[in-house]
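Work out the full structure: start from the sequences and follow the hints.
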Amino acid sequence: MMARWMAESDVVPAMVLVSTARRTRETWTLMRPAFKPAPEVGFEEALYLASDEELLDRIRRLPDEHEEVMLIGHNPGLHDLAIHLVAGHGIEYGRLAEKYPTAALCTIDFGRKSWARVAARSGRLIRFIRPVDIHEG
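Under this note's numbering, the first residue of the sequence shown carries the number 13, and numbering increases by one thereafter.
Hints listed in this document are in silico derivations from the structure and should not be mistaken for laboratory results. Quick caveat, the model's predicted, so the values are computed rather than measured. Heads up, the beta-carbon is just placed ideally off N, CA and C, and yes, glycines get one too. Misleading hints may appear alongside valid ones.
For each label pair, taking beta carbons as the anchor points, the in silico distance ranges come out as [claimed, not checked]:
| id | residue 1 | residue 2 | range |
| --- | --- | --- | --- |
| 1 | D121 | P75 | 14 to 22 Å |
| 2 | E20 | R72 | 27 to 35 Å |
| 3 | D22 | E104 | 13 to 21 Å |
| 4 | A58 | H147 | 29 to 37 Å |
| 5 | H147 | R34 | 25 to 33 Å |
| 6 | A128 | E20 | 30 to 38 Å |
| 7 | H147 | R73 | 32 to 40 Å |
| 8 | H147 | E77 | 14 to 22 Å |
| 9 | R133 | D76 | 19 to 27 Å |
List time: in silico EDC-like cross-link candidates among lysine to aspartate or glutamate, alpha-carbon distance up to 16 Å [what the hints assert, rightly or not]:
| id | residue 1 | residue 2 |
| --- | --- | --- |
| 10 | K48 | E65 |
| 11 | K125 | E80 |
| 12 | K125 | D76 |
| 13 | K48 | E20 |
| 14 | K48 | D92 |
| 15 | K111 | E80 |
| 16 | K111 | D92 |
| 17 | K125 | E77 |
| 18 | K125 | E79 |
Below, the structure written as structure tokens:
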């Protein structure tokens with residue numbers, strides 16, 4: 013459902029990094045068909061239960077030619093990372109700060125900066141979509 017919403021909303025990553033945990037690999041397997049063409053994908057053991065600092069370190073090592081990158085990983089690391097990267101304000105930030113449920117999507121814009129320059133509060137929260145926000149019709 014989330015992948016279909018992403019594709020219909022033109023939220024298509026160029027690269028996807030996926031934890032090697034079974035559940036995250038299964039999530040990616042279900043999502044992949046929605047994206048045409050399929051993004052580059054990497055399965056990384058280091059993403060399994062990674063902290064926000066470990067995830068930020070991985071983001072800083074991303075190749076700059078990939079402007080849109082998606083991480084499929086685990087909480088609390090992903091939730092902590094999202095809070096760490098955006099300046100807090102607005103309704104969407106309030107929902108993000110409250111809880112990051114399974115299959116939620118947080119989109120953060122860092123402008124045209126190099127990934128190596130991503131830092132705390134350097135991103136702008138574009139959207140925070142939870143499965144409950146998507147109405148199947």
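Checked hints:
1. D121 <-> P75: 14 to 22 Å: Hint holds: Cβ distance 18 Å, inside 14 to 22 Å.
2. E20 <-> R72: 27 to 35 Å: At 31 Å between Cβs, range holds.
3. D22 <-> E104: 13 to 21 Å: holds, 19 Å
4. A58 <-> H147: 29 to 37 Å: holds, 36 Å
5. H147 <-> R34: 25 to 33 Å: holds, 29 Å
6. A128 <-> E20: 30 to 38 Å: Given range 30 to 38 Å: holds, Cβ gap about 32 Å.
7. H147 <-> R73: 32 to 40 Å: holds, 38 Å
8. H147 <-> E77: 14 to 22 Å: Cβ of H147 to Cβ of E77: about 36 Å, so the range 14 to 22 Å is violated.
9. R133 <-> D76: 19 to 27 Å: About 21 Å separates the Cβ atoms of R133 and D76, which means 19 to 27 Å holds.
10. K48 <-> E65: Answer violated: K48 to E65 is near 32 Å, above 16 Å.
11. K125 <-> E80: Distance ~12 Å between K125 and E80 Cα, so the pair holds.
12. K125 <-> D76: holds, 9 Å
13. K48 <-> E20: holds, 11 Å
14. K48 <-> D92: violated, 30 Å
15. K111 <-> E80: violated, 23 Å
16. K111 <-> D92: holds, 10 Å
17. K125 <-> E77: holds, 11 Å
18. K125 <-> E79: holds, 10 Å
When each numbered hint is compared with the structure, violations occur for hints 8, 10, 14 and 15.
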